[in-house]
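> Residues per chain are reported as follows:
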Amino acid sequence: MTRTRGLALLVLAALCALSAGCGRDVEGKPEEIATGPQTPAYGDTFVEASIGDIAGLIPNITTDGASHEVGNMLYDGLVRADKDLNYVPQMAESWKFSDDCLQLTFKLRRDVRWQDGRPFTADDVMFTYQTMVNPKTPTAYKEDFLAVKQAEVLDPYTFRVTYGQPLAKAVQSWGTWMLPKHLLENYVADGKLRDSPQNSRPVGTGSYKFQEWRSGEKVVLVSNPDYYAGRPYLSRVVYRIIPSQGTIFLELKARGVDLASLTAIQYARQTEYPAFRKAFRKYRYPSSAYTYFGFNLKDPRFADRRVRQAFAHAINKQELMDGVVMGYAREATGPLRPGTWAYTNKVARYEYSPEKAKALLAEAGWKDRDGDGILDDKDGKPFTFTIRTNQGNEERKKLAEIIQQRLKEIGVNAEIQVIEWASFIKEFIKKKRFETIVLGWGVGTDPDQYGVWHSSQTGADQLNHISYQNPAIDQLLEQGRASCRRDDRIKYYHRFQEVLAEDLPVLFLYFRDALPVVSSRVRGIEPAPAGIFYNFQEWFVPKELQRYTSG
Amino acid sequence: MLLFALRRLLLSIPLLIGITFISFLVIHLAPGEPVLGGDEELSRQLPKEVVEKIRELYGLDKPLHVQYWNWLTRIVRLDFGNSFQPDGRPVLTKIKERLPVTLFLNVIELLIIVALAVPVGVLSAVRQYSLFDKITTLFVFVGFATPDFWLALLLMILFGVQLGWLPISGLRSLNWEYLSFWQQQWDLVAHLFLPITVATFGGLAGFSRYMRQSMLEVVRQDYVQTARAKGLSEQAVIGKHALRNALLPVVTILGLSVPGLIGGSVIIESIFAIPGMGQLMVQGVFARDYPLIMGNLVIVATLTLFANLFADICYGLVDPRIRLGGRRRRR
Chain A
1 MTRTRGLALL
11 VLAALCALSA
21 GCGRDVEGKP
31 EEIATGPQTP
41 AYGDTFVEAS
51 IGDIAGLIPN
61 ITTDGASHEV
71 GNMLYDGLVR
81 ADKDLNYVPQ
91 MAESWKFSDD
101 CLQLTFKLRR
111 DVRWQDGRPF
121 TADDVMFTYQ
131 TMVNPKTPTA
141 YKEDFLAVKQ
151 AEVLDPYTFR
161 VTYGQPLAKA
171 VQSWGTWMLP
181 KHLLENYVAD
191 GKLRDSPQNS
201 RPVGTGSYKF
211 QEWRSGEKVV
221 LVSNPDYYAG
231 RPYLSRVVYR
241 IIPSQGTIFL
251 ELKARGVDLA
261 SLTAIQYARQ
271 TEYPAFRKAF
281 RKYRYPSSAY
291 TYFGFNLKDP
301 RFADRRVRQA
311 FAHAINKQEL
321 MDGVVMGYAR
331 EATGPLRPGT
341 WAYTNKVARY
351 EYSPEKAKAL
361 LAEAGWKDRD
371 GDGILDDKDG
381 KPFTFTIRTN
391 QGNEERKKLA
401 EIIQQRLKEI
411 GVNAEIQVIE
421 WASFIKEFIK
431 KKRFETIVLG
441 WGVGTDPDQY
451 GVWHSSQTGA
461 DQLNHISYQN
471 PAIDQLLEQG
481 RASCRRDDRI
491 KYYHRFQEVL
501 AEDLPVLFLY
511 FRDALPVVSS
521 RVRGIEPAPA
531 GIFYNFQEWF
541 VPKELQRYTS
551 G
Chain B
552 MLLFALRRLL
562 LSIPLLIGIT
572 FISFLVIHLA
582 PGEPVLGGDE
592 ELSRQLPKEV
602 VEKIRELYGL
612 DKPLHVQYWN
622 WLTRIVRLDF
632 GNSFQPDGRP
642 VLTKIKERLP
652 VTLFLNVIEL
662 LIIVALAVPV
672 GVLSAVRQYS
682 LFDKITTLFV
692 FVGFATPDFW
702 LALLLMILFG
712 VQLGWLPISG
722 LRSLNWEYLS
732 FWQQQWDLVA
742 HLFLPITVAT
752 FGGLAGFSRY
762 MRQSMLEVVR
772 QDYVQTARAK
782 GLSEQAVIGK
792 HALRNALLPV
802 VTILGLSVPG
812 LIGGSVIIES
822 IFAIPGMGQL
832 MVQGVFARDY
842 PLIMGNLVIV
852 ATLTLFANLF
862 ADICYGLVDP
872 RIRLGGRRRR
882 R
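These protein sequence lines are chains A and B, in that order.
Taking our numbering, the leading residue of the first sequence gets 1, the next gets one more, and so forth.
Taking our numbering, the leading residue of the second sequence gets 552, the next gets one more, and so forth.
The hints are simulated quantities; they were obtained by calculation from the structure and are not laboratory data.
Note that the structure is predicted; figures quoted are calculated from it, not measured.
Don't be surprised by glycine CBs; every beta carbon is placed ideally from N, CA and C.
Hints are supplied without guarantee of correctness; some may be wrong.
To be verified - A few chain A positions that, by computed beta-carbon distances, are all more than 12 Å from chain B:
1. T39
2. D100
3. L183
4. Y283
5. T384
6. K426
7. K432
8. Q475
To be verified - Distance condition first, Cα-Cα at most 30 Å in a straight line; then the derived DSS-like pairs of lysine-lysine:
9. A:K169 to B:K604
10. A:K142 to A:K181
11. B:K647 to A:K209
12. A:K192 to B:K604
13. B:K781 to A:K426
14. B:K647 to A:K432
15. A:K192 to B:K647
16. A:K83 to B:K613
17. A:K381 to A:K430
Starting from the given sequences, assemble the full structure and let the hints guide the process.
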């Protein structure tokens, strides 16, 4: 939903300059923004704009954001993240670890029913586990379940798993979407989960029920009156699929959609007029993905830490954030999201200083030997390389351009190459045929990032494609994921961030802010570190402001 | 004529196979595989064993020529296969969902274009350098030079946001199910008005130019002189003798635009959020959804061949020289 469509944006900006009419076009009866609390009411339809269509209705076997968003409404897990990104019970009543952190026992709620009326029991949890580990299930979320040594149904409402070694993400992993055994058993056994009716008419335990999916047009959900945690207030939720960011923005202005994520320019410049402020409320919080400038550490030039540190001094993160996302971002000091429990900012920082950068490069043996303004190594070979990034992300392209400019100032020559996503991953990332890249990582709620940084994960299809190998980091990652006690884990992850900041395997740039706007007739939204969507069931529209009455 | 049509029909079979073969090769030459998925942040990936399983399931582990042969043997039984995307639905179902919208949109568009372009082209040719000709020329060049998406956004801002007369995007209103039959039709017309206007504007420009050019050539021919010399009314000269000949090249162009009717326009569909064939195809390409891409290509290629055939037959109808049959066929 947040993919930047640079072209459309540019056009919009140009249009606004031309027509000078962007400031007075949300019309209709003004909606009073009440100051005091208002009585929650059931009803109304909430229309959300989504830039991409969903890929399917069983989120366990999809990887796109839209499918997961819809999936979260239809399906529940045993646990969920609360507003501060801590895990709290959802369909579980409680859970308990054994003293050695190896055994995890869930007590389930007894009042949960599938949307077709069948009770939800530990058998369904067992079935979901078996589905996830079944080699015929095409899911990308197997890893945590493969770590389970033994799973047992103790009674219909008690479920126990035993791990071979402690797994810190154990609790989090059971937040996965639970699947109905009675509807899917045969399909999973045959490896035909995709072809099951569940993929077109899903039955979950979630707060919303599926009504309709018109491919490329919309997905419609209705509230589940029998939801165990209470019926949600908004009766209908419609995801309108609008593939152009520019069109979403116009629909927003005409109030055809109630929620959309804005780009930085739209947020800062094109929505600051009174009518818009009256019709919508803007929210801002750090997203769960950071952008980085990565080195191929197999390249001897970048294997030298001083060169990486020099680059860190050569670029100005504030300038990048201001120039690319108009400052709507938080500086990344490491790979963990600011404001979460494992995060620390007490790590090495690299201020913008071309002098320091040049000094570090000189120390590493880079000098301009032929007077052409480009540094050369001791054999006279100039410091020239390519920055690669993927097509379709204007932000990354701009980053590459600014970085290129800054590197030039310290005598380093960078070319830029932008490549279509699938080719970029297959031909350059997986084959490690790159020198430097501009790319992003999504971070989960758990600080464990074993796959990205551990030296055992540098194989062709693995995630540590920069080939980072550091025994200290390896040890911290292993310790961090092997403990279920938060105090210990905080220690390990603070140290982990300190070492990474010192060693700089990549330049951590920033966490971009999520910039959603929501129609002001919707109440009950309380921004928190987790964003705004964690309490969607509590959102409501006061009776007198409801717009859609039918259905 | 019948024999000619039949021969062309038979000839198009190897042609079609050739087209599919080359397309198949080209698609598989593009790096990336369907199992890779399109996760922008790359944070989740399928484990290796799963990837192998899926490749096996889809037959992607076999050599390319075997894959092609398998695909071909299925396609002759009209089995287009299932999509590689996670919804796993049959390709034909997916195409059937999208085709009516695109077809409807484009047929209307083409009809409007022809209905406007022919008279405009003829008039500006007959009255060459007149004020009318100058104005249409200006209009035409503006039409040529205006990017679709830009015009679309301008119109959306004017009619959708500022005036609020027309819906901005989509195909139906959210309360479509609750409208009466006639309200539904009106709703559809309102939603399609802007996309059709934008698409027509661009197409009209080119088409009326072709018409004018063709007409200009024809009115200088001897037989037009002859027609005038024998005292026919100007109306009969232009309308009957000149126009029929001037339409010839236009028919070719019409025939060539038929595949476009099915393919749809990605830009128009994206901007107006219309779930049509163009979007389906683009989505398929990004996901490396081979069965969907190939299914789409086969349909478009078949239609192109048929359209060409049809255009040739239409020549016969408008051009007596061809109708006379095989002896003096102009080929």
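> For each hint, tell me whether it holds in the structure or not.
Comparing the hints with the structure gives:
Interface exclusion of T39 of chain A from chain B stands, the closest Cβ pair being 26 Å apart, more than 12 Å. Taking the minimum C-beta to C-beta distance to chain B, about 27 Å, the non-interface status of D100 of chain A holds against the 12 Å cut. At the 12 Å boundary, the C-beta of L183 of chain A stays outside the reach of chain B, the nearest C-beta of that chain being 16 Å off. Distance check on Y283 of chain A: its Cβ is at least 21 Å (rounded) from any Cβ of chain B, clearing the 12 Å threshold; non-interface status holds.
With a closest Cβ-Cβ approach of about 25 Å to chain B, T384 of chain A is found to remain outside the 12 Å limit, as its non-interface label requires. Separation of K426 of chain A from chain B is inadequate, the least Cβ-Cβ distance of about 5 Å not exceeding the 12 Å criterion. The non-interface label for K432 of chain A is consistent with chain B: the shortest C-beta to C-beta separation is roughly 14 Å, beyond 12 Å. Chain B leaves Q475 of chain A outside its interface by the beta-carbon criterion, the shortest separation being 23 Å against a cut-off of 12 Å.
Taking the CA atoms of K169 of chain A and K604 of chain B, the gap is near 27 Å; set against the 30 Å cutoff, the hint holds. Proposed proximity of K142 of chain A and K181 of chain A is supported: the alpha carbons are some 18 Å apart, at most 30 Å. For the given pair, K647 of chain B sits about 26 Å from K209 of chain A by alpha-carbon distance, which is consistent with the 30 Å threshold. Distance hint between K192 of chain A and K604 of chain B is fulfilled; the C-alpha atoms sit about 13 Å from each other, no more than 30 Å.
Between K781 of chain B and K426 of chain A, the direct Cα distance comes to roughly 73 Å. Violation of the 30 Å bound is thereby established for this hinted pair. For the given pair, K647 of chain B sits about 42 Å from K432 of chain A by alpha-carbon distance, which is inconsistent with the 30 Å threshold. Annotation: proposed proximity of K192 of chain A to K647 of chain B holds, straight-line Cα distance about 23 Å (limit 30 Å). With a C-alpha separation of about 49 Å, the suggested pair K83 of chain A and K613 of chain B falls outside the 30 Å cut-off, and the hint is violated.
About 27 Å separates the Cα atoms of K381 of chain A and K430 of chain A, which keeps this hinted pair within 30 Å; it holds.
Of the numbered hints given earlier, the model fails hints 6, 13, 14, 16; all others are met.
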